[in-house]
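**Student:** This is what each chain is made of:
Protein chains: 2
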Amino acid sequence: MSSAPTRDTGQDHVWTVTEHLEDILATVRPLEPIELQLLDALGCVLVEDVTVPLSLPPFDNSSMDGYAVRVADIAGASEEYPAVLTVIGDVAAGQGEQPHVGPGEAARIMTGAPLPPGAETVVPVEWTDGGLGQGPVSRMRAHSASPEGASGQVAVHRAAEARAHVRDKGSDVKAGDRALAAGTILGPPQIGLLAAIGRAMVRVRPRPRVVVLSTGSELVQPGEKLDPGQIYDSNSFALTAAARDAGAIAYRVGAVTDDAEILRATIEDQLVRADLLVTTGGVSVGAYDVVKEALQSVGDEDEAGSGVEFRKLAMQPGKPQGFGSIGPDHTPLLALPGNPVSSYVSFELFVRPAIRALMGLEDLHRPSTRATLEAPKALTSPAGRRQFLRGTYADGKVTPVGGAGSHLVAALALADALIVVPEDVESVEPGSEVQVVLLG
Amino acid sequence: MSSAPTRDTGQDHVWTVTEHLEDILATVRPLEPIELQLLDALGCVLVEDVTVPLSLPPFDNSSMDGYAVRVADIAGASEEYPAVLTVIGDVAAGQGEQPHVGPGEAARIMTGAPLPPGAETVVPVEWTDGGLGQGPVSRMRAHSASPEGASGQVAVHRAAEARAHVRDKGSDVKAGDRALAAGTILGPPQIGLLAAIGRAMVRVRPRPRVVVLSTGSELVQPGEKLDPGQIYDSNSFALTAAARDAGAIAYRVGAVTDDAEILRATIEDQLVRADLLVTTGGVSVGAYDVVKEALQSVGDEDEAGSGVEFRKLAMQPGKPQGFGSIGPDHTPLLALPGNPVSSYVSFELFVRPAIRALMGLEDLHRPSTRATLEAPKALTSPAGRRQFLRGTYADGKVTPVGGAGSHLVAALALADALIVVPEDVESVEPGSEVQVVLLG
Numbered sequence: 001m002s003s004a005p006t007r008d009t010g011q012d013h014v015w016t017v018t019e020h021l022e023d024i025l026a027t028v029r030p031l032e033p034i035e036l037q038l039l040d041a042l043g044c045v046l047v048e049d050v051t052v053p054l055s056l057p058p059f060d061n062s063s064m065d066g067y068a069v070r071v072a073d074i075a076g077a078s079e080e081y082p083a084v085l086t087v088i089g090d091v092a093a094g095q096g097e098q099p100h101v102g103p104g105e106a107a108r109i110m111t112g113a114p115l116p117p118g119a120e121t122v123v124p125v126e127w128t129d130g131g132l133g134q135g136p137v138s139r140m141r142a143h144s145a146s147p148e149g150a151s152g153q154v155a156v157h158r159a160a161e162a163r164a165h166v167r168d169k170g171s172d173v174k175a176g177d178r179a180l181a182a183g184t185i186l187g188p189p190q191i192g193l194l195a196a197i198g199r200a201m202v203r204v205r206p207r208p209r210v211v212v213l214s215t216g217s218e219l220v221q222p223g224e225k226l227d228p229g230q231i232y233d234s235n236s237f238a239l240t241a242a243a244r245d246a247g248a249i250a251y252r253v254g255a256v257t258d259d260a261e262i263l264r265a266t267i268e269d270q271l272v273r274a275d276l277l278v279t280t281g282g283v284s285v286g287a288y289d290v291v292k293e294a295l296q297s298v299g300d301e302d303e304a305g306s307g308v309e310f311r312k313l314a315m316q317p318g319k320p321q322g323f324g325s326i327g328p329d330h331t332p333l334l335a336l337p338g339n340p341v342s343s344y345v346s347f348e349l350f351v352r353p354a355i356r357a358l359m360g361l362e363d364l365h366r367p368s369t370r371a372t373l374e375a376p377k378a379l380t381s382p383a384g385r386r387q388f389l390r391g392t393y394a395d396g397k398v399t400p401v402g403g404a405g406s407h408l409v410a411a412l413a414l415a416d417a418l419i420v421v422p423e424d425v426e427s428v429e430p431g432s433e434v435q436v437v438l439l440g
Numbered sequence: 001m002s003s004a005p006t007r008d009t010g011q012d013h014v015w016t017v018t019e020h021l022e023d024i025l026a027t028v029r030p031l032e033p034i035e036l037q038l039l040d041a042l043g044c045v046l047v048e049d050v051t052v053p054l055s056l057p058p059f060d061n062s063s064m065d066g067y068a069v070r071v072a073d074i075a076g077a078s079e080e081y082p083a084v085l086t087v088i089g090d091v092a093a094g095q096g097e098q099p100h101v102g103p104g105e106a107a108r109i110m111t112g113a114p115l116p117p118g119a120e121t122v123v124p125v126e127w128t129d130g131g132l133g134q135g136p137v138s139r140m141r142a143h144s145a146s147p148e149g150a151s152g153q154v155a156v157h158r159a160a161e162a163r164a165h166v167r168d169k170g171s172d173v174k175a176g177d178r179a180l181a182a183g184t185i186l187g188p189p190q191i192g193l194l195a196a197i198g199r200a201m202v203r204v205r206p207r208p209r210v211v212v213l214s215t216g217s218e219l220v221q222p223g224e225k226l227d228p229g230q231i232y233d234s235n236s237f238a239l240t241a242a243a244r245d246a247g248a249i250a251y252r253v254g255a256v257t258d259d260a261e262i263l264r265a266t267i268e269d270q271l272v273r274a275d276l277l278v279t280t281g282g283v284s285v286g287a288y289d290v291v292k293e294a295l296q297s298v299g300d301e302d303e304a305g306s307g308v309e310f311r312k313l314a315m316q317p318g319k320p321q322g323f324g325s326i327g328p329d330h331t332p333l334l335a336l337p338g339n340p341v342s343s344y345v346s347f348e349l350f351v352r353p354a355i356r357a358l359m360g361l362e363d364l365h366r367p368s369t370r371a372t373l374e375a376p377k378a379l380t381s382p383a384g385r386r387q388f389l390r391g392t393y394a395d396g397k398v399t400p401v402g403g404a405g406s407h408l409v410a411a412l413a414l415a416d417a418l419i420v421v422p423e424d425v426e427s428v429e430p431g432s433e434v435q436v437v438l439l440g
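Protein chains in written order, with UniProt numbering: chain E, 1 to 440; chain W, 1 to 440.
Careful: at least some of the hints might be erroneous.
Since copy identity is lost for identical chains, a pair holds within one copy or between any two.
[Said to hold, decoys possible] Heads up, simulated PhoX-like pairs for lysine-lysine below, C-alpha to C-alpha not over 25 Å straight-line: (1) K319 <-> K169; (2) K319 <-> K397; (3) K225 <-> K174.
Rather than coming from a laboratory, the hints here were simulated on the basis of the structure. Because the structure is a prediction, the values reported are computed rather than measured.
Model the full structure from these sequences, guided by the hints.
**Tutor:** Next comes the structure, spelled out in structure tokens:
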């Protein structure tokens with residue numbers, strides 16, 4: 001692909017979808033890492049190699065509820081000829097001091113409790129009479145029934161080898177091992193491992209804060225009264241939801257009227273809480289396309305990468321697009337077209353990968369697959385434009401829903417896939433194989 | 001499968017995984033629906049058929065930036081012999097009053113603006129001289145350059161049929177159509193459609209509030225100092241994260257000491273914000289298994305379905321499990337075993353489906369598939385127990401990670417699949433086909 005400086009950047013140049021996406025991804029850098037509480041880091045990318053500070057388990061401990069004993073004392077034990085041992089007390093999990101288990105002695109031990117000094121192995125309670133003198137038991141008596149701990153005698157009905165039912169110190173991980181590598185995405189088991197090795201905070205790339213605003217004097221907040229010529233604002237809702245779905249913390253500003261000064265002031269106001277700004281509408285060739293008007297002049301000519309560029313893309317829907325960065329921190333801004341289907345498709349193609357790039361994820365794109373087109377007639381697509389039609393996918397087949405019109409939001413709500421018709425294809429016959437992007 | 005009343009419910013009865021899950025799903029009912037703001041309803045299940053109150057678009061409108069004209073006035077127009085029309089003003093989106101377009105007249109019109117009275121079709125601005133008298137243009141002059149709106153004359157270079165570039169009222173959806181059916185999961189496009197038809201609130205089943213607490217006197221909060229015999233609490237972190245991942249609003253209470261009274265008081269305290277309670281630890285046969293002690297007696301004997309039952313399951317890990325409901329609202333409670341791998345596997349098998357059932361989702365389970373076992377030696381599994389080993393899955397193959405030990409949290413953090421070894425299988429040779437549950 002050509003690099004930006006050598007491209008023809010004239011007003012009427014038409015860019016490919018791939019070029020536009022490359023430019024966005026070349027500009028959007030992963031967010032600076034911060035320390036977060038474990039649960040706030042769910043779904044985030046780790047930026048440090050995490051080393052284990054202490055072995056897990058930190059001490060030899062019992063994997064069963066039972067009795068900690070010496071091996072020789074229970075050699076040859078059976079139900080008929082049990083080994084009868086003196087019970088010297090309890091070893092509960094979390095108990096600091098453990099009794100010493102001498103010859104002929106047993107300590108009642110709980111799962112997870114440290115193997116007490118002197119003991120060599122553990123016999124499960126089910127292999128004993130539980131100290132009741134009445135044959136095998138299936139459980140221990142509750143501690144609350146004898147708060148002073150177990151005493152008396154226990155009959156053991158089976159022998160055990162040394163270190164049976166004992167989890168060795170360090171058998172999970174050892175101090176100095178690498179628990180997790182930088183780049184790991186933190187899901188629940190990874191959060192669990194970090195907690196297990198004692199980490200309360202972890203260094204990750206945070207979720208990006210995405211500010212979504214729609215533009216258009218015709219837009220009315222849902223739930224309010226619609227006057228003639230007005231429609232409800234749907235883009236700011238759909239894209240805020242989509243940004244959250246993509247992993248962002250998304251703020252919906254709502255609809256801004258078609259006034260370049262108001263729009264510029266609103267965007268500047270929002271910069272403080274934005275890692276990425278997304279606007280819809282006002283990017284085409286009309287006289288009231290105020291996003292273009294407001295943002296074309298915001299760049300600092302002395303700063304590379306500053307300013308927003310408006311382009312025509314070889315795609316349908318979504319031909320007019322704006323992209324650049326604004327404000328003192330060069331906050332990236334994507335200006336999407338205003339038709340609801342155009343803005344949603346543009347979000348999928350450009351904003352979602354940008355959000356994932358900000359998170360430091362490597363896998364930026366939706367899964368895609370080949371599918372057989374099921375349709376009553378051939379699909380048509382304009383020459384020289386990559387078309388993204390809405391469809392439903394199942395079992396290797398895809399069926400278009402609705403037409404190509406970029407105002408068809410009801411059909412979009414039925415779709416779970418985008419059918420991709422390449423630039424050089426003007427017609428796709430039913431039964432042909434097509435590329436399909438799988439949504440959600 | 002047998003139904004509950006005919007089962008042997010003796011203390012030493014061993015239940016199958018399937019029986020236990022069936023009992024849970026027979027008890028957990030979808031949450032009562034509530035009205036939520038659109039964006040709060042993302043990912044929730046709609047419980048009403050939503051009917052379209054107004055047609056979309058609500059009026060005939062332009063799909064292009066251009067000029068609204070009468071068809072006869074531009075018949076035969078070409079760049080050489082343009083149709084020259086008198087421009088009577090602008091029609092912007094959101095503008096209440098539109099000018100009447102008479103013979104020989106044109107109104108400059110923006111995308112989304114209503115087709116003004118008298119006009120029959122729209123010609124894109126690219127088919128005109130934009131009123132500048134200098135050949136074809138590619139865009140309009142900004143409104144701010146002439147705030148009073150367009151005037152003068154425009155030369156149109158191409159003819160258009162009636163209603164070209166016009167989106168008909170109701171061409172997306174018509175008033176009275178069903179926009180979305182009850183049972184629809186609200187993703188971004190569905191949220192967009194609801195906004196587009198003017199809905200600010202929507203009736204859905206809310207996300208369940210899940211309270212997670214771990215039990216054990218040995219548990220220390222990560223980040224704090226570990227004394228001898230203590231370990232860090234990891235279960236409450238892993239399961240809170242997992243509950244959020246499953247769609248719940250999850251609260252981590254943290255670790256509660258092994259004291260039945262304190263535990264009972266804590267659980268009663270948390271009931272007010274819980275749609276589901278999850279505990280870990282204290283459910284086995286040990287003397288300090290206080291969850292069992294605290295909850296075995298909470299049920300109201302006169303109330304069907306009240307109380308928590310503790311069971312042995314034919315599974316590994318995860319043999320001891322508790323399930324029931326507590327409190328005045330019969331809040332469901334799942335008491336999971338305390339070993340980290342046991343509690344995580346139990347979450348996947350029982351809690352995640354319960355959360356999804358509370359949400360009213362139909363698809364409760366993780367996807368599963370068949371895979372070829374790649375392993376240096378045969379897997380062994382105890383007879384009569386369904387074993388869930390951790391593995392990594394790729395391209396139809398699964399490789400075990402770590403061993404069967406239920407304390408191996410480092411290996412769990414490397415896994416992305418559970419390998420299922422059925423109850424009647426004691427050994428699985430490398431190269432065999434196994435069932436695999438795909439995690440996240």
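**Student:** Hints first: check each against the structure and report whether it holds.
**Tutor:** For each hint, the structure was consulted:
| no. | hint | result |
| --- | --- | --- |
| 1 | K319 <-> K169 | between (62 Å within a copy, 24 Å between copies) |
| 2 | K319 <-> K397 | neither (28 Å within a copy, 43 Å between copies) |
| 3 | K225 <-> K174 | between (65 Å within a copy, 18 Å between copies) |
Violated hint for the displayed structure: number 2, the only one.
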